[in-house]
Amino acid sequence: MANFFAKLKQGLSKTRSNIVDSIESVFTSHDKIDDDFYEELEEILVMGDVGIHATEEILDELKLAVKKRECRRPDECREYLIDVIKEKMRVTESDYEFLDKPSVVMVIGVNGVGKTTTIGKLAHIYRNKGKSVLIAAADTFRAAASEQLEIWAERAGVDMIGANDGADPSSVIYDAVNAARSRHVDVLLCDTAGRLHNKKNLMNELEKMNRIIDKNYPGVKRENLIVLDATTGQNALNQAREFGEVAPLSGIVLTKMDGTAKGGIAIAIQSELGIPVKFIGVGEGIDDLQEFDSDTFVNALFDVKMEEEDAFA
Amino acid sequence: MAFDSLTDKLQNVFKKLKSKGRLTEEDVHIAVKDVKMALLEADVNFRVVKQFVKQVEERAVGQDVMNGLNPGQMVIKIVNEELTALMGSDTTEIKFEPGKAITVIMMCGLQGAGKTTTTAKLAGTLKKKGKKSLLVACDVYRPAAVKQLMVCGEKVGVEVFERGLDVKPSEIATEAYEYALKNNFNVVILDTAGRLHVDEDMMNELAEIKDKLNVHQTLLVVDAMTGQDAVNVSGEFNEKVGLDGVILTKLDGDSRGGAALSIKAVTGLPILYVGMGEKLEDLEQFYPERMASRILGMGDVLSLIEKAQNAIDIDEEKEREMASRMKKGKFDYNDYLESMKQMRKMGGLSSMLSMLPGLGLNVKSSDLEGAVDEKQLARTEAIVLSMTKAERENPKLMNPSRKHRIARGAGVDIADVNRFIKQFEQTQKMMKQMKGMMGKKGRFRMPF
Chain A
1 MANFFAKLKQ GLSKTRSNIV DSIESVFTSH DKIDDDFYEE LEEILVMGDV
51 GIHATEEILD ELKLAVKKRE CRRPDECREY LIDVIKEKMR VTESDYEFLD
101 KPSVVMVIGV NGVGKTTTIG KLAHIYRNKG KSVLIAAADT FRAAASEQLE
151 IWAERAGVDM IGANDGADPS SVIYDAVNAA RSRHVDVLLC DTAGRLHNKK
201 NLMNELEKMN RIIDKNYPGV KRENLIVLDA TTGQNALNQA REFGEVAPLS
251 GIVLTKMDGT AKGGIAIAIQ SELGIPVKFI GVGEGIDDLQ EFDSDTFVNA
301 LFDVKMEEED AFA
Chain B
314 MAFDSLTDKL QNVFKKLKSK GRLTEEDVHI AVKDVKMALL EADVNFRVVK
364 QFVKQVEERA VGQDVMNGLN PGQMVIKIVN EELTALMGSD TTEIKFEPGK
414 AITVIMMCGL QGAGKTTTTA KLAGTLKKKG KKSLLVACDV YRPAAVKQLM
464 VCGEKVGVEV FERGLDVKPS EIATEAYEYA LKNNFNVVIL DTAGRLHVDE
514 DMMNELAEIK DKLNVHQTLL VVDAMTGQDA VNVSGEFNEK VGLDGVILTK
564 LDGDSRGGAA LSIKAVTGLP ILYVGMGEKL EDLEQFYPER MASRILGMGD
614 VLSLIEKAQN AIDIDEEKER EMASRMKKGK FDYNDYLESM KQMRKMGGLS
664 SMLSMLPGLG LNVKSSDLEG AVDEKQLART EAIVLSMTKA ERENPKLMNP
714 SRKHRIARGA GVDIADVNRF IKQFEQTQKM MKQMKGMMGK KGRFRMPF
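Protein chains in written order, with the numbering used here: chain A, 1 to 313; chain B, 314 to 761.
Keep in mind that a hint or two might mislead.
Stated by the list, open to error - Once the Cα atoms are required to be at most 25 angstroms apart in a straight line, the calculated SDA-like pairs of lysine to any residue come out as: (1) B/K346 - A/I33; (2) B/K367 - A/E40; (3) B/K442 - B/I407; (4) A/K199 - B/M589; (5) B/K349 - A/E39; (6) B/K349 - A/E56; (7) B/K577 - B/G555; (8) B/K553 - B/Y454; (9) A/K200 - A/E272; (10) B/K495 - B/Q530; (11) A/K63 - B/K349; (12) B/K442 - B/K481; (13) B/K445 - B/T397; (14) B/K592 - A/A167; (15) B/K702 - B/R732; (16) A/K208 - B/D565; (17) B/K735 - B/R715; (18) B/K577 - A/V220; (19) B/K481 - A/R155; (20) A/K129 - A/S94; (21) B/K460 - A/E39; (22) B/K654 - B/E552; (23) B/K444 - B/M463; (24) B/K363 - B/R335; (25) B/K643 - B/M653; (26) B/K460 - A/D168; (27) A/K221 - A/M89; (28) A/K199 - B/D567; (29) B/K523 - B/N712; (30) B/K346 - A/R155; (31) A/K68 - A/S29; (32) B/K367 - A/E42; (33) A/K129 - A/T140; (34) A/K208 - B/K592; (35) A/K199 - B/K468; (36) B/K346 - A/D60; (37) B/K460 - A/E42; (38) A/K32 - A/R73; (39) A/K63 - B/D347; (40) B/K349 - B/G548.
Source of the hints: derived by calculation from the structure; they are not laboratory data.
Next up, chain A with everything else stripped away, as it sits in the complex:
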């Protein structure tokens, strides 16, 4: 995890001059717990894409804790706030079972969030664990998607099953599932085409793919990971909700966390839909996918840009 933190810091240090170091400043720059203090917390959370609803929820819980424990100084309630958020972001050991059991992992999400890249990185993680991996290239829609995946498969040193552009993605899944069974591979990673969650037909297509896996590979550990771009705002909640309707989600991969986006929407999603963040993408390299750590996440959330009050001219 230190590695991830370093990466994250490295990304942030690029704009070091603008950043006042961390969570501390928020809590030390106020003398007492008052409306101003809460307002600043609200600003930080909303600016981190946590969303106004989840933000209010968090602050309400914090206020409750502050009252209950008769806490008076801002720096004292720092721990409470972190606890409140961490509580919402809990990941358990069993959430990573799919890394060790025979499993089929389907990677889904809207366009441009980094699904294909994530598949490449996941393949690498499995390979490092000594597992045998097969990749299904079921994005037959986007131009050159399977070429892109093929390069990743080569980098990770794993096999890939694909089809020509325009082929039925369900048939790719079907073939891949059968191949995975007969070859006894440890894990089948399914790449899917990016689709907006409000496109009915494309969502139906995804539902079908999900069904095919269930039907043709009974008993295997299933994992449906939704990939979310950390830069995405409140719409990600809709995405998670809609994707979950057609293919029950078991986890979130939050990508592009090496920018200045905080990915706070993940908090809203987890608190409302109960889907844990399992991985975080922090770069374009093959080992830039890390298991999620709530401490680091919350700390990064409060790594605030404190300048320019008037961004609005």
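Following the hints, put chain B in place on chain A, whose structure we already have.
Same frame as chain A, now just chain B:
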């Protein structure tokens, strides 16, 4: 649970607002709070929202509430005006070099914003305008990016210039320009790699392209779903590379697209096009006022306000007259006809009911659908129109033979005429009862 639409929320708030005439500080404060939430939910940047709301509050307090609107709607009207003003009212086009000179366009943005797809879409759009574009593959990093551009270029029938992965993007760009000069292209569009705005090296690469080649238009491609970070991204790109415009992609999703407003507020850059789908012809002109109502998430209320404004501007006189007649307890078929006409102007009763959050209705608008039969209204209108002038002015004239004539004239059954007349008489009675209850500024509303 989805977030309630702003319309639903305001419906509740409006019920509490009673004041007439002028917007009080309290009215504004209550309504603005919901507007703030709506803007934040739409991903407008927090600081932009704060500033914007302050501005609205300053303008709104003390304003006269327009006839036909309630205080909450009046606030929304002001919000919408300010929002539209902020988004800019004109559609903006890409500036091309005069005559046959080549215009160089550079596309840039974060990973996954949709640069490559948009590049091809743009070339296709320009092709329709008679421009010959050359697409240049400057993304030498992402696996298969060059291939993707070539496939897309082929689909829109535009040539793609590529030098593989081992040449520096700035060199590819200058070579492409030379090639375009020799082969009579009008436009050169550079597709660059996705990059983070905090990645110094990658940002320098863009600056280097601009150093080596005279780039006329640098366009930032932004995902419409972008959250609070849109401000940082566009700000940094603008500062480090220099931007001339923005293209918003994936607007065919259901995001409210508040990023557009944040970007506009922070950089002042025009939004040129919006991407509306994965098909290569799905690039559309950007209309700022549509964006404003999308962000606010209440186009329905806005169009009501607009319609109310139009109807009232024309009919204010008539209405005042009618109100005074009603106060005297006079209400005849002419008044009935007039009130129906007004309703038509507002888009018919059912559309009005569904749009109206402030009627004090406790039912959801969807429940009302079907409850009001537009056809029935048309039939009623025909009945009134089949009456003579004298009958319309003096409802007491009605007798069976007149009713038969009216039924034939309106092409309805005599029973329909009877039913309507009975209804009308009840309405009349009600009006008389209301006589004492109506205040000085009481407005006429059909008691359906």
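Right, here's what the structure says about each hint:
Taking the CA atoms of B/K346 and A/I33, the gap is about 23 angstroms. The hint holds against a cut of 25 angstroms. With a C-alpha separation of about 17 angstroms, the suggested pairing of B/K367 with A/E40 holds against the 25 angstroms cut-off. For the given pair, B/K442 sits about 12 angstroms from B/I407 by alpha-carbon distance, which is consistent with the 25 angstroms threshold. At roughly 12 angstroms between alpha-carbon atoms, A/K199 and B/M589 fall within 25 angstroms of each other, so this suggested pair holds.
The suggested pairing of B/K349 with A/E39 holds, with an alpha-carbon distance near 14 angstroms, which does not exceed 25 angstroms. Among the hinted pairs, B/K349 with A/E56 is consistent with the structure: their alpha-carbon atoms are about 14 angstroms apart, no more than 25 angstroms. Between B/K577 and B/G555, the direct Cα distance comes to roughly 15 angstroms. Compliance with the 25 angstroms bound is thereby established for this hinted pair. As the CA atoms of B/K553 and B/Y454 are separated by approximately 21 angstroms, the hinted pair is consistent with the 25 angstroms bound.
Our distance criterion of 25 angstroms between C-alpha atoms is met by A/K200 and A/E272, whose separation comes to about 23 angstroms. A hinted pair counts as satisfied when its Cα atoms are at most 25 angstroms apart, and B/K495 with B/Q530 qualifies at roughly 21 angstroms. Distance hint between A/K63 and B/K349 is fulfilled; the C-alpha atoms sit about 22 angstroms from each other, no more than 25 angstroms. For the proposed pair B/K442 and B/K481, the alpha carbon gap of about 32 angstroms is over 25 angstroms, so the pair is violated.
The straight-line distance between the Cα atoms of B/K445 and B/T397 is roughly 35 angstroms, outside the 25 angstroms bound, and the hint therefore fails. The suggested pairing of B/K592 with A/A167 holds, with an alpha-carbon distance near 17 angstroms, which does not exceed 25 angstroms. The hinted pair formed by B/K702 and B/R732 meets the criterion: a straight-line CA distance of about 21 angstroms does not exceed 25 angstroms. Distance hint between A/K208 and B/D565 is fulfilled; the C-alpha atoms sit about 23 angstroms from each other, no more than 25 angstroms.
Between B/K735 and B/R715, the direct Cα distance comes to roughly 15 angstroms. Compliance with the 25 angstroms bound is thereby established for this hinted pair. Our distance criterion of 25 angstroms between C-alpha atoms is broken by B/K577 and A/V220, whose separation comes to about 50 angstroms. Between B/K481 and A/R155 the CA atoms are separated by roughly 23 angstroms; this keeps the pair inside 25 angstroms, and the hint holds. Annotation: proposed proximity of A/K129 to A/S94 holds, straight-line Cα distance about 17 angstroms (limit 25 angstroms).
This hinted pair does not check out: B/K460 and A/E39 have alpha carbons roughly 49 angstroms apart, beyond 25 angstroms. With a C-alpha separation of about 56 angstroms, the suggested pair B/K654 and B/E552 falls outside the 25 angstroms cut-off, and the hint is violated. Distance restraint check for B/K444 and B/M463: the Cα-Cα separation of roughly 19 angstroms lies within the 25 angstroms cut-off, and the hinted pair is therefore satisfied. For the given pair, B/K363 sits about 24 angstroms from B/R335 by alpha-carbon distance, which is consistent with the 25 angstroms threshold.
Only pairs whose Cα atoms come within 25 angstroms are accepted, and B/K643 paired with B/M653 is accepted, the gap being roughly 17 angstroms. About 21 angstroms separates the Cα atoms of B/K460 and A/D168, which keeps this hinted pair within 25 angstroms; it holds. Under the criterion of a C-alpha separation no larger than 25 angstroms, the hint pairing A/K221 with A/M89 is consistent with the structure, at around 23 angstroms. Proximity of A/K199 to B/D567 is assessed by CA-CA distance (about 10 angstroms); at most 25 angstroms being required, the pair is judged to hold.
With a C-alpha separation of about 87 angstroms, the suggested pair B/K523 and B/N712 falls outside the 25 angstroms cut-off, and the hint is violated. With a C-alpha separation of about 52 angstroms, the suggested pair B/K346 and A/R155 falls outside the 25 angstroms cut-off, and the hint is violated. Proximity of A/K68 to A/S29 is assessed by CA-CA distance (about 23 angstroms); at most 25 angstroms being required, the pair is judged to hold. Of the supplied pair hints, the one linking B/K367 and A/E42 holds, its CA atoms being roughly 17 angstroms apart against a limit of 25 angstroms.
Annotation: proposed proximity of A/K129 to A/T140 is violated, straight-line Cα distance about 29 angstroms (limit 25 angstroms). Distance hint between A/K208 and B/K592 is fulfilled; the C-alpha atoms sit about 23 angstroms from each other, no more than 25 angstroms. The suggested pairing of A/K199 with B/K468 holds, with an alpha-carbon distance near 23 angstroms, which does not exceed 25 angstroms. For the hint pairing B/K346 with A/D60, the CA-to-CA distance comes to about 18 angstroms; that is within 25 angstroms, so the pair holds.
The suggested pairing of B/K460 with A/E42 is violated, with an alpha-carbon distance near 45 angstroms, which exceeds 25 angstroms. Of the pairs offered as hints, the one joining A/K32 and A/R73 holds, with about 5 angstroms between alpha carbons and a cut-off of 25 angstroms not exceeded. The straight-line distance between the Cα atoms of A/K63 and B/D347 is roughly 22 angstroms, inside the 25 angstroms bound, and the hint therefore holds. A distance of roughly 23 angstroms separates the Cα atoms of B/K349 and B/G548; the hinted pair therefore holds under the 25 angstroms criterion.
Violated hints, in rising order: 12, 13, 18, 21, 22, 29, 30, 33 and 37; the structure is consistent with all others.
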